[in-house]
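Whenever a hint applies, use it, and build me the whole structure from the sequences.
2 protein chains.
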Amino acid sequence: MTLSPTPRSTIKRGKNRAATDRSELYAVLDAGLVCHLAVVVDGAPVVLPTGYGRDGDTLYLHGSTGARTLREAAAGLPVSVAVTLLDGIVYARSVFDHSMNYRCAVVHGVATPVTDPAAKSHGLRVLVEHLSPGSWDYARQPTPRELAATAVLALDLTEASVKIRTGPPSDEESSSAWAGVLPVVTTYGTPEPCPLLAEGTAVPEHVSGRR
Amino acid sequence: MTLSPTPRSTIKRGKNRAATDRSELYAVLDAGLVCHLAVVVDGAPVVLPTGYGRDGDTLYLHGSTGARTLREAAAGLPVSVAVTLLDGIVYARSVFDHSMNYRCAVVHGVATPVTDPAAKSHGLRVLVEHLSPGSWDYARQPTPRELAATAVLALDLTEASVKIRTGPPSDEESSSAWAGVLPVVTTYGTPEPCPLLAEGTAVPEHVSGRR
Numbered sequence: 001m002t003l004s005p006t007p008r009s010t011i012k013r014g015k016n017r018a019a020t021d022r023s024e025l026y027a028v029l030d031a032g033l034v035c036h037l038a039v040v041v042d043g044a045p046v047v048l049p050t051g052y053g054r055d056g057d058t059l060y061l062h063g064s065t066g067a068r069t070l071r072e073a074a075a076g077l078p079v080s081v082a083v084t085l086l087d088g089i090v091y092a093r094s095v096f097d098h099s100m101n102y103r104c105a106v107v108h109g110v111a112t113p114v115t116d117p118a119a120k121s122h123g124l125r126v127l128v129e130h131l132s133p134g135s136w137d138y139a140r141q142p143t144p145r146e147l148a149a150t151a152v153l154a155l156d157l158t159e160a161s162v163k164i165r166t167g168p169p170s171d172e173e174s175s176s177a178w179a180g181v182l183p184v185v186t187t188y189g190t191p192e193p194c195p196l197l198a199e200g201t202a203v204p205e206h207v208s209g210r211r
Numbered sequence: 001m002t003l004s005p006t007p008r009s010t011i012k013r014g015k016n017r018a019a020t021d022r023s024e025l026y027a028v029l030d031a032g033l034v035c036h037l038a039v040v041v042d043g044a045p046v047v048l049p050t051g052y053g054r055d056g057d058t059l060y061l062h063g064s065t066g067a068r069t070l071r072e073a074a075a076g077l078p079v080s081v082a083v084t085l086l087d088g089i090v091y092a093r094s095v096f097d098h099s100m101n102y103r104c105a106v107v108h109g110v111a112t113p114v115t116d117p118a119a120k121s122h123g124l125r126v127l128v129e130h131l132s133p134g135s136w137d138y139a140r141q142p143t144p145r146e147l148a149a150t151a152v153l154a155l156d157l158t159e160a161s162v163k164i165r166t167g168p169p170s171d172e173e174s175s176s177a178w179a180g181v182l183p184v185v186t187t188y189g190t191p192e193p194c195p196l197l198a199e200g201t202a203v204p205e206h207v208s209g210r211r
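Line order of the protein sequences matches chains W and P. If you read the first sequence in the working numbering, its first letter stands for residue 1, the second for the next number, and so on. If you read the second sequence in the working numbering, its first letter stands for residue 1, the second for the next number, and so on.
Hint data in this document are derived by calculation from the structure and do not stem from the laboratory. Heads up, some of the hints might be wrong.
To be verified - Which chain W residues face chain P? A few, computed with CB under 10 angstroms, are given here:
{"no.": "1", "residue": "Tyr91"}
{"no.": "2", "residue": "Cys104"}
{"no.": "3", "residue": "Val181"}
Cβ atoms here follow ideal geometry from the backbone N, Cα and C, with glycine treated the same way.
Here it is in structure tokens:
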């Protein structure tokens, strides 16, 4: 199935960077950890970072039931969600052609509150397993009260676009200047135990082995 | 000077994570590389990643003069800009208290097109020096035609908020489970020369020494 079924999800600038296969959308969403969610509040845009998770063609978002942005998003108003991965700084011969290598997915749609308890628990599991794979079965699962305090939204991935830039700078002018790409690399550091842990508590494999 | 002069830039959820000093806003903006810019197009929010740079209390944004999002932002409509740095995954004893350590700045306002040639050149310099410090003087500077093809917007940083989470998980319940923080670390890799470079072109210090 291909991407970009509507005008607003069709990339017009830099078409050569537009991905057209749905698998590329999944790959970007699965590689990111934070999304930026935009809603309209009192006629003005508000953008905030939040966690997310993907299951098939559904993107799950969550947050406190008291958060206004989430309430607006849950009220059936249109939302836009972007997930961006920065891969490198592109140094060109000209200032004008300096750029970034990146992968970016943008989703448009209307989010639906997930209220059915089983469906909500599933959505939370997807969210938690995206943020911290292995945690759902390892940590204590939500109580009914915790479930009630969490809003889960589902956003359909039908209307989405993906833009990807890779490779060296695009300018070819004659120059003695260095040009190329400085990769931006994101990795995990050494786990930092909570000070309240009993001494000798081992770091579980789903944390220590995370790559 | 303190932050949060208006209701929409005053953090209501997680007040204990709200930074109140303007220097913390500068620090987050200066540490990030990509911002997410949200505008309202046909009544719906659109969020896209873009480069930026800061000079004092002005945030500069730029892009092609043909990009619709930028045209909307330049038309005097309200915008929202977020810069988010992910610092760690917070593994708690409970799924509910899993979280992220992050620093996030959100700016609200109306962007102004920078059209005066000297001011535009200054704004571009700020943008380029944020993306790639040292490049403005090292690479070829923009021609009048390149300047004309680039839209530069200025956004005042008056109306902004900063939210920061640091430290271990917040749950204290009795558990034998491991809890703590897995740091997320972003670094630069080994510079990748453009294939068109003359053999032996040295990597300049502003690239090889970047940290």
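Violated hints - listed by number, lowest first: none
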